[in-house]
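A.B. asks: Given the sequences, and given the hints that come with them, work out the whole structure.
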Amino acid sequence: MAVLKKSVAFDPAVGREALERAGERGFSRLVNDAVAQRLQALRIAELFVDFESRHGPVSEATRRQVADEWSSHVDRG
Amino acid sequence: MVKPRRSGLTPRLVLDTGALIGLERDDERAFEHIRMAAARGFLVVVPTSVVMEAIAAARSMARINQILKKIDLELPLGPPISRSVHALRKRAGTGSDADAIVVLEALAVPGSVILTDDRRDIDALLAATPAKGMVPVLLLSGKR
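Same order as they appear, the protein sequences are chains W and L. Every letter in the first sequence is one number past the one before it in the numbering used here, and letter 16, counting from 1, is 16. Every letter in the second sequence is one number past the one before it in the numbering used here, and letter 12, counting from 1, is 12.
Read the hints as simulated data drawn from the structure, not as lab findings. Because the structure is a prediction, the values reported are computed rather than measured. One or more hints might be untrue.
[As the list claims (entries may be wrong)] Computed list of lysine-lysine pairs in DSS-like fashion (alpha-carbon distance at most 30 Å, straight line):
(1) Lys70(L) with Lys6(W)
(2) Lys90(L) with Lys5(W)
(3) Lys69(L) with Lys6(W)
(4) Lys5(W) with Lys69(L)
(5) Lys132(L) with Lys90(L)
[Unchecked claim] Residues of chain L clear of chain W, computed beta-carbon distances all greater than 12 Å:
(6) Ala30
(7) Arg35
(8) Ala39
(9) Ala56
(10) Lys70
(11) His86
(12) Gly93
(13) Thr94
(14) Asp97
(15) Ala98
(16) Asp117
(17) Ala128
(18) Val135
[Said to hold, decoys possible] Derived list of chain L stretches under chain W, where covered just means 3 residues or more per stretch with a C-beta under 8 Å from a C-beta of chain W:
(19) 21-29
(20) 71-83
(21) 99-110
C-beta: ideal position from N, C-alpha, C; glycine also.
C.D. replies: Laid out in structure tokens, this is it:
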């Protein structure tokens with residue numbers, strides 16, 4: 001698989017914890033996953049803005065219902 | 001059965017075909033679910049088999065492509081999953097290949113969640129795995 005190599009500077013505490021959790025071999029994967037998640041969150045926010053520009057804001061009832069479902073089904077686990 | 005990858009990977013919200021079609025058709029709850037997932041640090045992912053089914057069912061190819069471009073995390077079908085699909089469907093006695101792949105992709109990363117429009121087959125497939133009850137299933141309609 002093609003990879004793009006970049007030298008990245010970390011806050012020392014962040015870098016240490018990442019290394020402890022992922023190990024040397026899993027470090028790149030951990031960083032890549034974190035960046036991928038952040039970039040996708042930005043794209044989803046754009047998608048959401050587009051949705052609300054066409055349909056208006058998501059109703060408070062839907063927001064509350066979905067938040068409750070995440071709390072009860074996902075956080076519970 | 002597919003072994004879970006090591007923990008520390010970002011948990012996923014795995015969309016099934018109905019969930020992806022919900023986004024294509026501007027379902028408010030579908031949008032709120034992916035917004036919630038992104039805000040909570042989940043990766044929203046779509047297996048290739050789901051993309052294939054959704055393209056066949058979509059009303060607008062342009063719209064589904066727009067959604068997929070923004071999500072931009074299509075999971076290709078690799079050997080660990082492809083070799084487990086048949087056995088899982090056989091044990092469950094129900095479900096499509098795409099449903100089984102959704103379940104196996106959710107099981108592959110601990111902490112993952114499934115968003116579906118019809119939980120019967122997903123529940124039956126999950127019940128046929130050792131991780132029974134471990135993968136939360138969220139429903140597009142909000143019904144239990």
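A.B. asks: Holds or violated: Lys70(L) with Lys6(W), Cα cutoff 30 Å?
C.D. replies: Distance of about 24 Å is within 30 Å: holds.
A.B. asks: Looking at Arg35(L) again, its CB stays over 12 Å from all of chain W?
C.D. replies: violated (5 Å)
A.B. asks: Does the claim that Val135(L) lies off the interface hold, with its Cβ farther than 12 Å from every Cβ of chain W?
C.D. replies: About 8 Å separates Val135(L) from the closest Cβ of chain W, which leaves it inside 12 Å; violated.
A.B. asks: Beyond 12 Å on every Cβ pair: is that true for His86(L) relative to chain W?
C.D. replies: Consistent with the label, His86(L) stays out of reach of chain W, its closest Cβ about 27 Å off (over 12 Å).
A.B. asks: Given the proposed pairing of Lys69(L) with Lys6(W), does the C-alpha separation stay at or below 30 Å?
C.D. replies: Holds - the C-alpha atoms of Lys6(W) and Lys69(L) are around 25 Å apart, at most 30 Å.
A.B. asks: Would you say Asp117(L) is clear of chain W, with no C-beta pair closer than or equal to 12 Å?
C.D. replies: holds (14 Å)
A.B. asks: Run the C-beta distances from Ala128(L) to all of chain W and say if the shortest one exceeds 12 Å.
C.D. replies: Given that every Cβ of chain W is farther than 12 Å from that of Ala128(L), nearest at about 19 Å, it holds.
A.B. asks: Measuring Cβ to Cβ, find out whether Ala56(L) lies farther than 12 Å from everything in chain W.
C.D. replies: holds (22 Å)
A.B. asks: Confirm or reject the statement that Ala39(L) sits farther than 12 Å, beta carbon to beta carbon, from all of chain W.
C.D. replies: Incorrect as stated: the minimum Cβ-Cβ distance to chain W is 7 Å, not above 12 Å.
A.B. asks: Can we trust that Asp97(L) is non-interface, i.e. its beta-carbon lies farther than 12 Å from all of chain W?
C.D. replies: holds (25 Å)
A.B. asks: Sort out whether Lys69(L) lies within 30 Å of Lys5(W), counting only the CA atoms.
C.D. replies: Status holds; Cα separation ~24 Å.
A.B. asks: Say whether it holds or is violated: Ala98(L) keeps its Cβ farther than 12 Å from all Cβ of chain W.
C.D. replies: holds (22 Å)
Violated hints, in rising order: 2, 6, 7, 8, 10, 18 and 21; the structure is consistent with all others.
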